[in-house]
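Q: Residue-level listing of the chains:
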Amino acid sequence: MMENPYVPFPMRIEEIITETEDDIIKTFELSFVRKEEEEQFVYTPGQFAEISVFGQGEAPFGMASTPTQPGRLAFSVSKIGVVTGALHRMEKGDVVGVRGPLGNGYPLEAFKGRNLVLVGGGFGFSTLRCLTNFILHDSNRKDYGALTVVYGARAPGLLLYKKDLEDWRKRGDLQVHLTVDKDEKGWQGHVGLVPDVTRSVAPDPRNAYAVVCGPPAMIRFTLPVLKELGFGDEKIFLSLEMRMKCGIGKCGRCNVGSKYVCTDGPVFSRAELAGLTAEEHV
Amino acid sequence: MIPGGYGLPPSSKILKKDRLPSFLERLLEERIVFAPVRRGEVILIREIHAPSEVVLEYENAKESPKSIFFPEREPLFRYRTEKGKVEVDIPPGRERSRVVFGIRPCDARGLLLLDKVLGGEYRDPYYFDKRAETLVVSLACDHPNPSCFCLSMGGGPCSPEGSDLLLLDLSDGYLAEAVSERGAALLEDPAFEKSDEESLAVAKKIKRESEVSMKPVAMKENLEEHLERVFDDPVWKDLTETCLGCGICTYLCPTCYCFDLCDEAAGSSGERIRVWDSCQFPLFTQQASGLNPRPTAKERFRQRIMHKFSYLPKSQAMLGCVGCGRCVTECPVNLDIREVVKSLSGGNGG
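In the order they appear, the protein sequences are chains X and V. The opening position of the first sequence corresponds to residue 1 in the numbering used here, with each subsequent residue numbered one higher. The opening position of the second sequence corresponds to residue 1 in the numbering used here, with each subsequent residue numbered one higher.
Be careful, since some hints might not be right.
[Stated by the list, open to error] Label pairs and their in silico Cβ distance ranges: (1) X:Pro-107 / V:Val-55: 53 to 59 Å; (2) X:Arg-89 / V:Asp-336: 47 to 53 Å; (3) V:Glu-264 / X:Asp-138: 45 to 51 Å; (4) V:Lys-83 / X:Lys-35: 18 to 24 Å; (5) V:Val-275 / X:Lys-35: 30 to 36 Å; (6) V:Glu-29 / X:Gly-275: 52 to 58 Å; (7) X:Val-191 / V:Ala-265: 44 to 50 Å; (8) X:Glu-37 / V:Arg-78: 39 to 45 Å; (9) X:Asp-181 / V:Ile-248: 44 to 50 Å; (10) V:Glu-339 / X:Thr-68: 41 to 47 Å.
[To be verified] Below 16 Å or equal to it, Euclidean Cα-Cα: the simulated EDC-like pairs (lysine to aspartate or glutamate) are: (11) V:Lys-237 / X:Glu-279; (12) X:Lys-79 / X:Glu-36; (13) V:Lys-85 / X:Glu-91; (14) V:Lys-85 / X:Glu-279; (15) V:Lys-298 / X:Glu-279.
The set of hints was computed from the structure by calculation and includes no laboratory data. Nothing here was measured: the structure is a model prediction, and the numbers come from that model. By construction, the Cβ of each residue, glycine as well, lies at the ideal position given by its N, Cα and C atoms.
Given the sequences, and given the hints that come with them, work out the whole structure.
A: Here you go:
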């Protein structure tokens with residue numbers, strides 16, 4: 001792909017959407033400044049990119065946009081560190097640097113013809129939004145079976161992508177189960193933890209795959225539930241997070257056992273992870 | 001590579017010691033030359049300007065020569081920003097070619113690991129530009145140090161791997177073996193004369209004696225698999241009790257390559273810099289959320305050992321250690337990597 005894999009290309013901020021009531025998460029919609037990169041940037045749901053705020057550094061973010069909507073990339077950014085803080089201060093029209101697409105993405109070929117349950121929590125939902133919108137696209141929907149989305153947040157005001165959630169609810173070809181930790185006035189979804197909701201709504205594990213992306217605690221408690229439901233380790237896919245710098249398998253910090261999250265992942269099956277010696281990640 | 005390889009020099013010549021200065025002079029005319037020089041009490045590999053600076057009677061340089069190919073601090077690009085605009089400039093490559101003269105075979109071999117990890121799908125242009133323009137002339141070890149263990153790591157005191165030309169000290173001159181075509185081209189210099197049977201026989205004897213003098217490291221077979229089995233063994237805690245996390249082992253290591261990328265900004269312009277980093281530092285893996293998968297010295301030290309003796313053999317088919325012994329001699333608390341490997345090899349793998 002890139003001739004010099006360390007050099008970002010420019011993208012312009014077209015839209016900034018404040019996603020959550022606490023202002024911690026914003027989604028940045030970016031357009032390509034140059035035609036060549038727009039043509040070269042061909043990606044799969046689950047892949048990520050390194051975003052540069054020049055003068056502050058770089059950080060990795062999964063694409064929250066879908067490849068079926070070309071010309072734009074979206075990234076949801078939680079204001080938590082130096083680069084994310086700087087991103088949050090940026091405005092429409094500002095230019096950031098982007099390197100990517102990086103990583104492996106979700107195994108779409110394996111998913112074809114199968115039923116899917118996507119389990120997401122908090123801001124880990126960004127690449128599941130990408131996957132959902134990709135599958136729902138007219139040109140792809142027929143390739144996949146039943147689609148069940150379980151998505152949880154601590155409170156209704158912390159759920160991302162409200163417009164998408166509304167659009168999905170109107171469709172008849174997927175089931176969306178939203179859940180929050182604590183009930184609030186006017187809330188119509190589930191109240192309770194993601195693993196519990198997953199237990200009650202997941203499809204029959206035969207002919208199905210589960211995709212899990214979210215905070216470590218959610219993953220930790222969801223995996224046993226999926227196992228209990230009969231999802232084998234090779235039928236569960238996770239997207240991992242580690243501190244990353246280069247994103248291209250060189251800088252040495254994001255390894256899980258002998259694999260790099262940036263180049264071998266970020267998507268791994270539970271079976272792949274079981275074969276790796278590693279610190280507790282999930 | 002020239003067929004024949006190590007052991008049966010396909011193309012070797014003699015460089016008499018009194019002709020070495022003239023050879024170096026001619027190298028200096030064409031190339032930037034790095035060689036061992038004395039700095040205070042230590043030997044370092046530095047750029048030289050005259051043959052008289054070169055010290056070839058030495059054990060090993062204090063630092064590995066990796067910085068010649070992979071600098072401690074290297075600007076990757078410059079940027080200038082304006083409202084709604086950014087310009088990025090990549091620094092131009094060097095014009096003069098270079099030669100690293102007189103480094104030890106362990107360090108030359110270390111470059112082969114850097115070639116692997118910095119190559120692959122995302123080839124690192126900064127490193128490979130330097131590799132391509134730099135000849136490696138190494139000097140075989142006829143008297144390995146007590147801290148040396150290259151032979152146990154798959155190399156050897158007279159190993160030609162990673163070199164273009166390998167010199168072996170025959171006391172009044174050097175036997176020079178071409179390892180690559182670039183190395184063979186160096187032998188065209190008039191300072192070299194034909195080798196004879198007697199010199200080759202002496203060289204063979206020196207090689208053998210040098211190898212025999214090295215104490216092997218007790219290492220379990222299939223160590224890479226065994227280490228995965230002892231990953232959760234309590235022995236790691238004992239092994240790392242004294243580790244200060246200072247990172248000197250990674251700094252001096254010829255094969256440690258982990259790095260950080262950061263921006264140095266001055267107003268609206270600046271540079272993105274690559275700097276060496278170390279898996280022994282807590283911030284190496286600390287996420288912005290505060291989560292750190294390697295929170296203590298135990299996990300960090302284990303990562304270094306696993307990376308070198310399990311992960312790299314699995315992913316690159318090469319150990320991440322060339323046995324130079326720098327981490328053994330320079331560790332402030334005498335953590336000896338050979339002893340660590342030995343203790344881990346003794347584990348039951350439960």
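Q: Broken hints, numbered, in rising order?
A: Hints 8, 10, 12 and 14 contradicted; others consistent.
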